[in-house]
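Participant: In case you want the letters, here they are:
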Amino acid sequence: METLEHIIAEHPFFAGLESYYTNLLTGCASNVRFEKGTYIFKEGEEANEFYLIRAGKVALEIFAPQRKPIMLATLGEGEILGWSWLLPPYQWKLHAHAVETVRAIALDGKCLRTKCEENHDLGYEILKRFARIMEQRLEATHFQLLDVYRVGR
Amino acid sequence: MTMATAAMIDPMLPQPYSVRQVVKETANTFTLTLEPPNGAGGNWFQPGQFSMLWVFGVGELPISISGDPAERDRLVYTVRSVGQATHALVSREVGDAVGVRGPFGTGWPVEKAEGRDVLVIAGGIGLAPLRPVIYEVLHNREKYGRLVVLYGARGPRDLLYRKELAAWARQRETQVLVTVDYGGLSWRGHVGVVTTLFKYARLQPARSLAFACGPEIMMRFVARDLETHGLARENIYLSMERNMKCGVGFCGHCQYGPHFICKDGPIFPYDRMRPLLDKYEI
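Protein sequences, first through last, are from chains A and B. Position 115, counted from 1, in the first sequence is what my numbering calls 572; the numbers after and before it change by one each time, with no gaps. Position 212, counted from 1, in the second sequence is what my numbering calls 272; the numbers after and before it change by one each time, with no gaps.
Isolated chain A, as found in the complex (with noise of 0.2 Å):
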């Protein structure tokens, strides 16, 4: 059976992460499992976790007054679910809505925040790669936002 050390030390989120580290990490993690339908966290609640996808497909999502919710994007197995546990006011900026039965692994924010202050080398190896998945998710709302597919422009 993998452990939870096993899984977090494998994913390549972690990739090149001191096993000191991942035995650091494995101290907040633990494991949860979202059935298909409901909501992992909404828009505005307090944002003090993360989440490794190892099963299923989460919706982002965003609502606007008299419409329907627009989805951004999908995020599915191997993926990073969040990043606003990192940064105040730590609160969700999005709908994360489970499209699919999701299991993951949640890493407790705080438990991390404080062991991040705590060990600056840690806490810099973490926001490193966060700062490499933002880029992404960035990247491809730029592209998302050319809009390349529309006739008539």
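I should point out that these hints are in silico values taken from the structure, not numbers from a laboratory. Take these hints with a grain of salt, some might be off.
[Stated by the list, open to error] In silico EDC-like pairs for lysine to aspartate or glutamate, Cα to Cα no more than 20 Å straight-line:
1. B:Lys172 x B:Asp331
2. B:Lys84 x B:Asp128
3. B:Lys259 x A:Glu534
4. B:Lys259 x A:Glu592
5. A:Lys585 x A:Glu536
6. B:Lys172 x B:Asp324
7. A:Lys572 x A:Glu462
8. A:Lys572 x A:Glu500
9. B:Lys259 x A:Glu536
10. A:Lys550 x A:Glu500
11. B:Lys84 x B:Glu153
12. A:Lys585 x A:Glu500
13. B:Lys259 x A:Glu596
14. A:Lys550 x A:Glu582
15. B:Lys259 x A:Glu467
16. B:Lys259 x A:Glu557
17. A:Lys499 x A:Asp565
Owing to the predicted nature of the structure, the values given are computational and were not obtained by experimental measurement.
Dock chain B against the given chain A, drawing on the hints supplied.
Facilitator: Below, chain B alone, put in the same frame as chain A:
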């Protein structure tokens, strides 16, 4: 006379083909099957090549061949109706005549892909010029490694060849991933630009050849991300598009830097295109 021999005799002379079938793919996109006069066979083309299609009295259009290279008794084209000439073309009825010149241009280098994994990346109607590659690989499965098809469209209603996508996904050693930029709430597939599919693709970059077709800016994003994933520039091929008129490099309408897209392309390796893709106004 076959299409190829007609083109050799006089590449400027359209051959009258007749419309055998028109299939509506999306609200504005149609697939036309044309057959030569008297049902003659021998329509040889390379995946990635295009024809000049003449709608008599309206105009002539460069359209990529989207059919199966093994079906030599017909030529198949997928056309999006966006202007007067394309509207006239997709409005043809069974039995109507359409003038055909070609096939023209370079094809996708499928021979170079033998023994390797084939990565097909399509955006919007860009799946049409790539469909012959998919047929070629599936007909000759033993020659190629894995086939990975990544397809992005604007929305679920804009997806081409939906039944075929599902059928291809069931083939051995084949992975088909589809995404849309804007998914409605009823869409249960992937939402995000086509490059977001790379992380799900079971790829071996060192032994893969990538073929990409879509809007030029999409191909720029795709090529850049493929490089990041470890594909060498010379193993990435793009299908370029410019205003093609003569189809044989005489008129110069489709000049792109030092290249004529109709004759030197439309398929180019990324290492040759990269310096041009970053330039404005060419």
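Participant: If you test the structure against every hint from before, which numbers come out violated?
Facilitator: 8, 12, 14
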